[in-house]
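Visitor: Take a look at the letters that make up each chain.
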Amino acid sequence: MKNINWSLVSTHVILIIGVIFMSLPVWVAFATSTHSAENIIRNGLQFWPGTDFLKTYNEVLFVEGGVMKAVLGTTMLKNSLILGLGFAIGKVIISMLAAYAIVYFRFRLANFLFWIIFMTLLLPLEVRIIPSFEVVASLGLLDTHTGLIVPLIASATGTFFFRQFFRSVPDELLEAAKLDGATPWGFFIDILVPLSKTMIAAILIIMFVVGWNQYLWPLIMTTKEENYTLVIGIKQIYQVLAEGGELPQYQKAFALTILATLPPVLVVLIFQNWFVKGLVESEK
Amino acid sequence: MAKVELKNVRKTYGNGAEAVKGVDMTIKHGEFIVYVGPSGCGKSTLLRMIAGLESVTEGDVLIDDTLINGVTPAERDVAMVFQNYALYPHMTVRGNMSYGLKNRGMNKKDIAGKVDEAAKMLRIFDFLDRQPHELSGGQRQRVAMGRAIVREPKVFLFDEPLSNLDAKLRVQMRIEIKRLQRRMDVTSIYVTHDQTEAMTLADRLAVINDGQIEQMGAPIELYNNPSTLFVASFIGSPQINLLPVHFDGHYLNTGNVQLNGFSNLPESTDLVLGIRPDDLRIDNNGALSLRVDLVEQHGADNLIYGEALGCGSSVENEPMEICLKAGQELIPDLETELSLAFDTNKAMIFERESGKRLV
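Sequence lines, in order, name chains F and W.
Going letter by letter, the first sequence gives residues 12 to 295 in my numbering.
Going letter by letter, the second sequence gives residues 244 to 602 in my numbering.
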């Protein structure tokens with residue numbers, strides 16, 4: 012240890028400061044969530060973990076909460092998972108099929124249609140939220156998973172990414188497949204989908220997180236508490252704080268927040284490995 | 244048995260560009276036909292029309308007397324080897340070779356048998372479970388050929404299959420392709436821009452220029468008896484020496500050099516004299532002289548390049564380059580002048596304007 016590599020040390024110091032800066036709020040939220048409500052009211056945010064970890068998390072997950080005291084944390088977790096996964100998987104399937112049609116089939120107005128799809132990127136959900144609600148309501152799909160997912164399932168971003176990717180696939184592969192007697196569906200399933208593995212993983216990650224974090228749509232779509240997602244649940248707890256006369260349950264809000272961040276983090280971690288592996292292997 | 248016929252085949256693209264301008268050709272069963280020509284001459288388009296990857300604008304394509312213009316590529320019973328191999332990157336070698344058979348609904352046991360057999364023939368049996376990215380260029384090329392072979396097609400189509408390989412491997416694969424084709428006795432069409440490949444592989448060679456067949460015949464026939472200036476300059480390595488000349492009734496004149504031994508040539512038109520580098524010989528009484536500026540030693544023989552003194556160039560004030568093929572003993576010093584002679588009956592004379600061969 013005679014020669015200390017100062018540039019390495021300083022790089023690491025900077026990185027460590029960055030890590031602390033980014034993760035400290037999460038840590039404070041976690042530590043606070045393990046204290047009792049009284050302690051938080053009296054002493055504010057807590058930096059060191061308290062003793063109520065099991066109690067708080069048990070209550071949040073397995074004891075009915077919410078305004079009507081009618082929803083379990085696990086139910087909300089399940090709802091969020093269904094929304095996140097349905098949203099991500101649905102988007103991948105729909106946008107892959109759309110991109111496949113646009114790239115590989117010659118039909119009139121294909122390009123025009125693509126740009127129409129692309130332009131919808133400019134219109135956020137909020138712009139069409141009232142008509143969308145109206146449509147879903149008159150179809151009788153309020154308070155259903157279908158009603159929650161289907162209106163959000165079309166994805167201009169996904170279609171665009173898959174279109175770009177399909178266009179980079181060499182034409183010879185299509186020609187070879189044609190000579191090998193592959194049907195259009197066969198080419199899609201046997202060749203295009205496996206080739207898109209890394210793309211699919213990337214879009215699944217992004218879309219799962221986006222779906223998980225959906226707030227406005229589930230908020231107006233769900234009226235019964237058993238259909239709440241976690242994100243809505245957190246908001247409801249704060250609502251109780253504002254309106255109810257009880258002692259504010261800050262520790263529960265924090266616990267729910269921590270729980271709400273876990274699945275997206277897990278998805279990113281799991282898929283990231285696959286994603287990186289795919290990237291390394293594909294090019295040689 | 245598979246006979247391929249092209250009848251006045253044309254290809255015009257949507258923007259009006261004509262890629263193939265009327266090609267007629269009959270290919271007998273088991274023949275190895277090579278299409279050779281510069282890039283953009285339409286040779287690949289022609290091949291792709293036979294494969295069914297490109298629509299035929301006009302004319303008929305027939306395999307075994309059946310019109311196949313509107314038949315899908317898979318039903319034409321042809322197999323193609325692509326320049327960049329076009330292997331499915333996510334499948335193993337076995338997967339790549341089986342895919343076409345699987346799509347035809349063949350049962351698994353038969354597929355495995357056929358793949359094993361083809362893999363042994365191509366010496367890729369040990370790689371069957373690898374993926375394409377784990378293979379070298381030559382091995383990938385073999386897999387691409389294996390994929391074609393297992394289908395037992397009526398016609399093999401090769402689209403510049405060796406151009407991504409290094410020189411040594413290219414020669415080796417060239418020989419293997421030829422052997423394989425002989426052994427399997429399958430009609431084959433091979434596209435290349437490499438005239439050595441074309442000469443060595445072909446039973447018959449079609450030189451294609453600007454969407455049309457310039458000349459078609461046995462390679463040696465095209466080499467010895469090119470019917471146009473284009474064929475003469477395209478076939479043969481090193482390239483044929485071409486001197487701009489005109490005929491004055493007695494002599495061929497180029498610059499201030501007079502060549503005798505020619506008669507019955509038109510006097511009013513510009514002509515081109517073509518002499519193969521191997522037909523030139525050193526002769527102290529020779530009419531041509533060469534000032535050496537480069538000697539390439541190829542082993543068995545040397546190529547001597549230099550300026551043809553006194554010969555008029557087609558480009559003003561630019562020396563006329565010629566090349567002589569000599570044995571390995573002859574290594575002249577640079578700047579030496581060599582006198583060269585040639586047999587008039589081996590010289591070729593072309594009309595400059597039309598490129599037509601006169602003598």
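Derived by calculation from the structure, the hints in this document are not laboratory data.
Predicted model, so just to flag it, every value in this text is computed and none were measured.
Treat the hints with care, as some may be off.
To be verified - Facing chain W, a subset of chain F residues (Cβ under 8 Å, in silico):
| # | residue |
| --- | --- |
| 1 | 60 |
| 2 | 61 |
| 3 | 63 |
| 4 | 65 |
| 5 | 148 |
| 6 | 150 |
| 7 | 154 |
| 8 | 181 |
| 9 | 186 |
| 10 | 187 |
| 11 | 189 |
| 12 | 192 |
| 13 | 200 |
| 14 | 206 |
Ideal placement from N, C-alpha and C gives every residue a C-beta, glycine not left out.
Visitor: Are the hints correct? Go through all of them and say.
Guide: Comparing the hints with the structure gives:
1. 60: Status violated, d = 47 Å.
2. 61: With Cβ-Cβ at 52 Å, over 8 Å, it is violated.
3. 63: The hint is violated - residue 63/F has no Cβ within 8 Å of chain W, the shortest such distance being about 51 Å.
4. 65: 47 Å, violated
5. 148: Residue 148/F check fails; min Cβ-Cβ to chain W is 45 Å, beyond 8 Å.
6. 150: Hint on residue 150/F: violated, closest Cβ of chain W at ~40 Å, above 8 Å.
7. 154: Cβ of residue 154/F sits 42 Å from chain W, so the hint is violated.
8. 181: Hint holds; residue 181/F Cβ to chain W Cβ min 7 Å, cut 8 Å.
9. 186: 5 Å, holds
10. 187: Holds: closest Cβ of chain W sits about 4 Å from residue 187/F, inside 8 Å.
11. 189: 5 Å, holds
12. 192: 4 Å, holds
13. 200: Constraint on residue 200/F not satisfied, violated at 12 Å.
14. 206: Residue 206/F check passes; min Cβ-Cβ to chain W is 6 Å, inside 8 Å.
Hint check: violations occur at hints 1, 2, 3, 4, 5, 6, 7 and 13; the rest are consistent with the structure.
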